[in-house]
Amino acid sequence: MAVLEIKHLTKIYKGNKKAVDDFSLTVESGDIYGFIGHNGAGKTTTIKAIAGILNFNEGDVIINGHSIKTNPLDCKRDLAYIPDNPDLYEHLTGIQYLNFIADVFDIDTSTRKTQIHKYAQAFDLSPALGNLISSYSHGMKQKLALISGLIHSPRLLLLDEPFVGLDPEASITLKKIMRELCDNGSAIFFSTHVLDVAEKLCNKVAIIKNGRLLESGDMDKLIKNQSLESLYIEVEDNEK
Amino acid sequence: MKNKFWILIKNQLISQSGLNDLVYEATHAKRRRTIIFLILMLFVSLMFAGYSYYFAKKFCELGLGQVVPATAFAITSLGILLYALFQSSDTIFSFKDRDQLMSLPLKTTTIIASKFGSVYGQNLIFALIIMLPMGITFAVMTKISWLFYPIWLCLMLITPIVPIMLAAILGTAVKMVAIHLKYTKLINTILSFGLIIGVMYFCYFNNTTNLSQMQSQKIISISSILVAKINQFYPLTVLANQAAVKFDVWSLLLLALVSLAMFYVFTKLVALKYQTISSLLISSSGNSKYSISKLSTSPPLKSLYKKELKRFFSSTTYLINMSTGIILLLVAAIACYFSGLDTILKTLQLPAIPSQFMLVLPFAIGIILAMSCTAAVSLSLEGKNLWIIQSLPLKPTTIYKSKMLVNLTLLLPVSLISSLLFCLSLRVNFELNFWIFVIPLIYCFFTPVFSMFVNIKLPNFNWQSEVTVIKQGMSSMIGIFGGMLAGLIPIIVMFTFPGWNQHLIVLLSAITLVISTAILYSLIQRSPLPSDD
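Just so you know, the sequences run in chain order R and H. Position 151, counted from 1, in the first sequence is what this note's numbering calls 151; the numbers after and before it change by one each time, with no gaps. Position 260, counted from 1, in the second sequence is what this note's numbering calls 260; the numbers after and before it change by one each time, with no gaps.
Treat the hints with care, since some could be wrong.
[Said to hold, decoys possible] Listed next, with one range per pair, are the computed distances between beta-carbon atoms: (1) R:55 <-> H:424: 48 to 56 Å; (2) H:501 <-> R:58: 56 to 64 Å; (3) R:200 <-> H:272: 48 to 56 Å.
Everything labelled a hint here was simulated from the structure, so no lab data went into it. All C-beta atoms in this analysis are idealised placements derived from N, C-alpha and C, irrespective of residue type, glycine included.
All chains should be modelled from the sequences, with the hints used to inform the complete structure.
Now the structure itself:
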């Protein structure tokens, strides 16, 4: 079952620069979809357009059967988006921020307590939840943003460079959680520059260059007997 | 090799002016916004310049022309001191690119000087707006020698230095005291308010002393007494006045020397302890012993409202700038209740309001309420956090409502209490009592709606310091001045056409405000969330 369908997505910035060009892709329930490409290839723009943060010029994004253009609220209830460098409300404490997000998603008290406890323990952030976010390190903010994205058990998790800034332990925890979510029927679409992580973690991969989708599909079928790194270099070379 | 100070200044100028946005990302909307902002700034500048011209002209016509240079110097210095009180310490010590700059091979003194240069640049514009028209009017009307012009130009360039220094020292001292106490932000805010009131009281105290002494002594040479009193208020005025009126180059040089010496000593002294002070000001700590207990739930609107309220009370700059109006109103209402309006006006040396014009009072309250328009900046203040509300399942109207509600929460109680105190102290007829309650109440709704609308149309999410949004932002300016203008127009009409039915003017103004509020509210409900795209 398709959790995310991107149909002919085109995003044009000022000066007629096509950041995303006729991009189509489907993410099924249970997929961990890696999204790779060089800097400025259009990864963040695509993810932001899917999350309803950026408007786009052509095409559509369907999340769980709802269009982000016509029905953004239903789409957003099903997804969680975590940017690569999350700027959070620094005047709130960690727990106040999580409570705020839980309020917006209308999560009942016992569920939110269970979820916050579970993920805060997993990321070893519980003792710091009473502190102001302004006192957090980059990695702690990243962990808090991840917890806030997980507490409503999203059907679609959109992550932009999620492993940047995380310590090794937190990276392992995040990978476990990603697998666990997908085993329960959710889907994850995330961008990364770390090809090893993508190869080991993802069952599907998409390669983008200059806003155009160069390759996408099952990891095994695409890389065959080679590595993702070799595939990436080959695809990039073919485009030159 | 280029001087590093100028490299930093150039970099700051580019990032603060939004020049790059205009050149490299020039969409029609952005160009339009910039043009509107420039027109607005020009309008505000012309207003101030016009007032300065009028002030100087009146003084010259009264034969008090000799007072003009000293007054221009003192007013400008005081204005800069009040404006820069918290801006300068924030800009010098806790800027966002601190870590980046401190990691570069730059001398601490160069960084401090460049930050000071940035504050100086902004305040120099203010000095020019006030001093240029006053100086020219004085020179033309008193037919003074051409020598005045180059001396006045130098004075305009020198004037901002000392007040900025004092502002930075006082602002930093307040923060340093607060940082060592338990409730840092609260103490900082209270001390900051105390400082502003203290500066205002100091100036007011000196001002009343002037006039009462003048009256009692019945001195013929009023201008020399006035100059002497201004000198007493701000001793450096002696040098400025000597230079401008008597073309005393030595006084000018001495003034320049004092200003530059203060700047040099300040920069060198601060550089010694810069890391310590700056680290203290930007650091925060936590106890790391939290354990999850009972969690309360709220509907999204209430949750957003609580978040907004916390945002307001967490920032001293936000709190002080946006609550000055309501605090002034409350102080005026309490003073009026205990001393009576006539006594207050007399003490402030303002003319008594003629009974037929008492209906201006509700609009005057409205004008003061309009100064506290948090909704004019609250959306822009989302800044880099914008992605959070953009990606959450929230209707834009819920977000706007939460921001308008915070504004209403600040205005409503103050409006009701002030109206009650004014009614009790004035003992006027029922109709006037009615308007004293109703008109400010309408402003309590008009101000958040109008300012929210302005912020939706003119958001600025790409800022480095919140001062940019709160004190210098286009939305903030239009929100404050637009709201105040809405209260000023009926007053102008009443005074311009005293023969017209005053009650009818009030009624029509009230209806216009209510209709405007309703229209703007419906437009807000249909507005999508702006993006920083």
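Now for the hints, and whether the structure bears them out:
1. R:55 <-> H:424: 48 to 56 Å: Given a distance of about 54 Å, which is inside 48 to 56 Å, the answer is holds.
2. H:501 <-> R:58: 56 to 64 Å: About 60 Å separates the Cβ atoms of residue 501 of chain H and residue 58 of chain R, which means 56 to 64 Å holds.
3. R:200 <-> H:272: 48 to 56 Å: holds, 53 Å
Going through the hint list in order, the structure satisfies each hint without exception.
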